[in-house]
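> Just so you know, the sequences run in chain order P and H.
For the first sequence, our numbering gives the first residue as 94, with consecutive numbering after it.
For the second sequence, our numbering gives the first residue as 94, with consecutive numbering after it.
In case anyone wonders, no lab produced these hints; they're calculated from the structure.
There may be inaccurate statements among the hints.
Which copy? The list can't say, so a pair holds if one copy fits it or any two copies do.
Stated by the list, open to error - Derived DSSO-like pairs (lysine-lysine); straight-line CA-CA distance at most 30 Å: (1) 334 / 165; (2) 99 / 420; (3) 310 / 147; (4) 97 / 168; (5) 165 / 330; (6) 327 / 147.
Number of protein chains: 2
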Amino acid sequence: MNTKLKQVIESMHKENIDSMIVLKPENIRYLTGFRPSSSSILILKDNPVLLASKIDREDASGRSLVNLEVYKEFKDVKNYLEGKIGIENSMNVETYKKLTGDFELETTDIVEISRAVKSKWEVENIEKALQIAEKSLLELEFSGTEVELAAQLEYNMRINDSERASFETIVASGSRSSLPHGSPTKNEVEYPILIDWGAVYNNYSSDTTRTIIETEKQEEIFNIVLEAQQTAIKSIKPGVKSSEIDNIAREVITEYGYGDAFIHSTGHGVGLEIHEKPSLSKNDEGILEKDMVVTVEPGIYLEGEFGIRIEDMILIKNRATVLNKTKAKLSF
Amino acid sequence: MNTKLKQVIESMHKENIDSMIVLKPENIRYLTGFRPSSSSILILKDNPVLLASKIDREDASGRSLVNLEVYKEFKDVKNYLEGKIGIENSMNVETYKKLTGDFELETTDIVEISRAVKSKWEVENIEKALQIAEKSLLELEFSGTEVELAAQLEYNMRINDSERASFETIVASGSRSSLPHGSPTKNEVEYPILIDWGAVYNNYSSDTTRTIIETEKQEEIFNIVLEAQQTAIKSIKPGVKSSEIDNIAREVITEYGYGDAFIHSTGHGVGLEIHEKPSLSKNDEGILEKDMVVTVEPGIYLEGEFGIRIEDMILIKNRATVLNKTKAKLSF
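Using the sequences plus the hints, can you model the full thing?
The following block contains the structure:
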């Protein structure tokens, strides 16, 4: 049994959970090595079993580290369960209701908590995804439309061994850069060009933003965002509250008078999901730990004018280690 | 108020639901015209309101047909709710628990049921997505590796106005084609080449599979799958049970002795989601209706040898109308 699986089962015992139903594909991938393509169910107990759909059986049998059985209907699951049952917070109400009454159920995020702290192998995969993403950006010609830029970037990532784009690529230029999640249009790119993109390697994601600027006003705002980002990064270390890092970035931007224009949180964990624990946000009560991987991505968005965001990926050791190799201020 | 929104609110009244919480991005898109990029909440009642996150406010204000307010925390939602509350089956347990106790909750899939029957405008968007997907396939050179083919296909779709690939493109060739959801590898493509791909236009998806064959054995299996598909398509009309269409496709394949090798259901609805109501599967109890859009996609998978799947998109009128323009048997 692999180390992570063992740890999670130990956590179950500590919480007096006898069996746990795992449905989230990323959690199944984390614990079995196999990422299901259709509904599969991992039953965690002392002898875990992966119930795969027929459609996944052949692929799963070559990849799953956990014993495999084929299941037909959700109700079959009940035969594998005993005692107090752990369920994920992400389980949907429809499934929850099928189990309620028959079992004592307890929601738990022990798998997500385990996933927040990365193994050396996981960090290597994240670094590889990031390396693909950055290489693919640097191969771009910065001309044409936003859509053409996004298409070429995604093509480059694929050819450079990314399994897919880790999320919908954002290329938002000119005044559209004030939309934090602006999707690419057929407009010719103009400055600033905000690009938020990522690759996936072995199911692990990267997530980075670069904004390419031109005017003095853009540079002024860029430097404020950069200062906020660098100050936040320097404050990262094990034992610090996640919310404190958000505070620190926000204070810098607020001091310059742009507090209201920083309209999202400062960062988030990245791994098998593009957003996972921890959350670097105001209301998060978590504490940063060694070997977490997080983004730090403050931004200033001036509606009708432009927006700037700078996002790097950080591995937490005794201090923050920036995983990105490309500098924040790019010019082409 | 648009027609769909009005219909859904009428359905709520019929079920004695006073307010409904809509969280699924596709459902919000369907009822407001705006697809949120981060967590947003639509409250359905006689005066519906869309609670958008700050990050989406600017974009939503230009697109939402429903009054917009910015929300900060989930608990703010409670101020908008009254009486018996409808919730989606897809709501997660974490959110469900925040509401339990304070409100009488009832799960309902009235939005998904409404979505299954498409308006003329929705069909036009689906047709446009399909047209982009097919054009992009025909522009391909069928050489290189599976990954190169997938990369080029996705690039073509982007350039031809697709917002993204509607799901992870499947290019599975040679013996890998026996994996119904085989992801592309760095192997040079060999026959058969199974490609399952789709485009997205105005948030509406297409979904098609073509398998390009070479040998006589492949052609023999191809013809069985095609016969199953055509027989199933001919049986589609309003009033027929979804499960009956699955039965019909399965019977043809079973008669030729390959019943055990058809390891998935026959089809599914497509629209704002790649899999939505109805499901053309054995245990589905639904009835087909006019203006539904479904896939019909039987397959035979011979482990260690190869697999064949043929998937077209069907608009249900008095009979089935095939939306695809490319023929099932392609050669390049």
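> Run every hint past the structure and note whether it holds.
Results for each hint:
1. 334 / 165: Classified as between; 21 Å across copies, 45 Å inside a copy.
2. 99 / 420: neither (40 Å within a copy, 52 Å between copies)
3. 310 / 147: between (58 Å within a copy, 24 Å between copies)
4. 97 / 168: Close inside one copy (28 Å), not across copies (35 Å); limit 30 Å.
5. 165 / 330: between (47 Å within a copy, 28 Å between copies)
6. 327 / 147: Between copies only: 27 Å across, 50 Å inside.
The structure is inconsistent with hint 2 alone, although it conforms to all the rest.
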